[in-house]
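Participant: Let chain A serve as the given structure and place chain F on it in line with the hints.
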Amino acid sequence: MLFNSVSFAIFLPIVFILYWYIANRNLKFQNALLLIASYFFYSCWDWRFLFLLVFSTVLDYFTGIKVSESNRPGVKRFWFWLSISVNVGFLGVFKYYNFFAQSFAEAVSHLGWHVSPSTLSVILPVGISFYTFHGLSYVIDIYNDRIKAERNFVDYSLFVSFFPLLVAGPIERATHLLPQLKQKRTFDYSRAVDGLRQILWGLFKKVVIADNCAEYANMIFNNPHDFSGFALVMGALFFTIQIYGDFSGYSDIALGTSRLFGIELLRNFAFPYFSRDIAEFWRRWHISLSRWFRDYLYIPLGGSQGGTWMKVRNTFIIFIVSGFWHGANWTFIMWGFLNAVYFLPLLLTNNNRNNLEIVAQGRLLPSFKEFTQITVTFALTVFAWIFFRAQNMEHAWDYIQNMFTGLVHKDGFIQTRDLFIWKIGYFIPLLVIFFFVVEWLGREEQYAIAKFGIKWKWPVRYAVYYAIILAIFLFSGKEEQFIYFQF
Amino acid sequence: VTTFLKKIVFFFIGLIVLVSIYLTWLFMRHDRPAPNLSNSYSFNEKMEFINKNIKAKQIDVLALGSSMSLNNLHSKTIVSELKTESYLNTASWGQNMEEDFAMLKLLDKLYQPKAVIITTNFIDFAKSTKTFRYDLLEGYLYERKYPSLYYYLATFDLSYFAKQSKIAELVRQNPDTYEYLGFDKYGGVNLTIAQSKFNARRWEGDSLNEKDASPVQYQFLDSISNYCVNNNIKLYFFQGPFRHGYWSTITPQEADVVNRHIAKVQAQLADKKNIAFVRTEIEWPDSLFADFIHLNKEGAQRFTEYCLRHANMMQDTASKP
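Residue numbers (this note's numbering), protein chains in the order written: chain A, 7 to 493; chain F, 12 to 332.
These are calculated hints, taken from the structure and not from any lab test. Among the hints, a few may not be true.
As the list claims (entries may be wrong) - Here are the simulated lysine-lysine pairs, DSSO-like style, with alpha carbons at most 27 Å apart:
| no. | chain 1 | residue 1 | chain 2 | residue 2 |
| --- | --- | --- | --- | --- |
| 1 | F | LYS125 | A | LYS429 |
| 2 | A | LYS463 | F | LYS17 |
| 3 | F | LYS18 | A | LYS463 |
| 4 | F | LYS17 | A | LYS190 |
| 5 | A | LYS484 | F | LYS174 |
| 6 | F | LYS17 | A | LYS461 |
| 7 | A | LYS484 | F | LYS177 |
| 8 | F | LYS18 | A | LYS429 |
What the hints assert, rightly or not - Reference listing, derived: stretches of chain F covered by chain A, where coverage requires no fewer than 3 residues with Cβ under 8 Å from a Cβ of chain A:
| no. | segment |
| --- | --- |
| 9 | 19-31 |
| 10 | 168-178 |
Please read these numbers as outputs of a predicted model, since none were measured by experiment. Built from N, CA and C at the ideal position, the CB exists for glycine as well.
Next comes chain A alone, as it looks inside the complex:
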């Protein structure tokens, strides 16, 4: 059940009405209803994987209690490692087994040995990387005495499986979400309206911006030899916009949906393409994942406390693991590695925490210096996304090679111009520019249109909402699955 599907448009109002009219008197009913709705939502993808989700939930629930109850360090450690091993084991089998088996076979083939790896033909269960990380953070927090184990099974299950975040995050923390699930929730009109507004903007980002850009990015990435260097740059640019519209759009819909039920989720995006350096980009892109890796990997490894060597090592580890988390492919590892390379100079010169606030705060336009910084950071990001989008390393190298060959050639410009005239047109690029203008104007808010026209009279405000809805209907691209579902 996609967020941008008719079935979700039917599912959501039904759950909303049941939640606020039938189950509103009792918190337990509300949570139970949300849990049933979440399991139904998940089973719409593939009901067989529901067992895996329930098993993972039961495992972490019980091991969490065991870790919390144990006074003996050895026993505590046993339950802790049991949970970690099973969770990581699931990820390993479903997501990484084939990658390791094939990479091993390829590696030994260079030594002249031929191994036929037995690969598993399994489908990657939707959302496994996300709910596994929920469970992992929960057990790690208990082990480190940051939180107490949750005794209410329904509440804990809902923390893992709450449908807005179940398949593509944000990756929640028990410390943030569980207390909300234990509090009585009353309907807040302005919060619900805000939630709807965020859903609307998320849908616009996904359906209009991302899906249209996807069409052009796919066309160019799938046939890199048919296009000039400059057109390939445009292809990378289209993918850069696609992935932002797709994933931040998804996150907006998730946050907005959750807000309709009186629950606040962690913010996942904060206008990353307006970042002035890569460090700032990573504080604004997929925030819940970056923080997860910071808290559960980077800091335990020593963070930036040790010497230079340790800083460098930890930086590479966190970025490469983060890349690998996205998928079992060398392209993701390369993408992570490249970002580590971008990040390193900032870390080594202690400039990685320079830009903590949003750019040009209180001003309409950035300074020339800020504009240059944003442009350079954006260009670096676009380049790194090529690896992320490529099917394999060969494809990525091929793409980059073709991109730089004849980049400034006259024929290349002519071909790109023709591409825009005959295939892409100018309307969608203009819409993308309009989108970035709105994002820029709303960059100091939680999402671009959070306060947009809030003081306008209702007919004008409604006209804007109608315009966005009509744009979603009229200019929707070819329906694409959310990119992050595959992770």
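Facilitator: Only chain F this time, still in chain A's reference frame:
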């Protein structure tokens, strides 16, 4: 909560009114397109034609396939050669073997045909990017349990209406284009474009590459022929010609690709009961074409006559003791 829901309801009523006004204006200005049953506009138009015009519960002869069947078959010739008025051309642009097989199964269930005609060329063995709403087709074409409005709502897509409304007007009213879809009473369309309106790119034609044909499509051809044999349906399978001016300019490699393709198709259909495979000369005079591969009306008539007479001769020969 109630206030919130009330406002939402009013908001959506406003939206429905707004969309209705827009659609009314659009359809008054241009034309109302067919229900969005696939991402092939020609297919949608054809399905609407069948929904509106074909009330028969059984049809003797069905034509299936791509524009090769849609444009290169001449309906009146088929009716006279096969001596039946019970004929329906269901073909639409770009249908490949896979889609032909899916449609064959569906149409057989609906109309129990005695014979099926498929005209193809190399281009019909390409991989498809089309999506058909087979789940809705049976109800739409045959049962007609629900009014057409149901199918418009079930496949509602505002951008489709916005894009296709003007196109609907053009394809239904302008016979001087390649895209003309003003079907004759059997569902066929023959191209009658004036020479001065020929599209140079289409006339010159595309290059032919072996990679353009997908091996899976040959498997679907097998499925089609086996299905016909098993269900006692006579299959007429015709291989269309190329324009002489085009064929004389292609490279030997390209010619080889086509010749090997034809040989492969012929070998697949050979020795199968109740199947007539007819191939014409590979090149026909330019005067019979509207582009490199699509025949004009006269070309279609000659092609259909040639193929059916050869098929009947083959049948006569086969039935002689």
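Participant: What hints, given by number in increasing order, does this structure fail?
Facilitator: 1, 8
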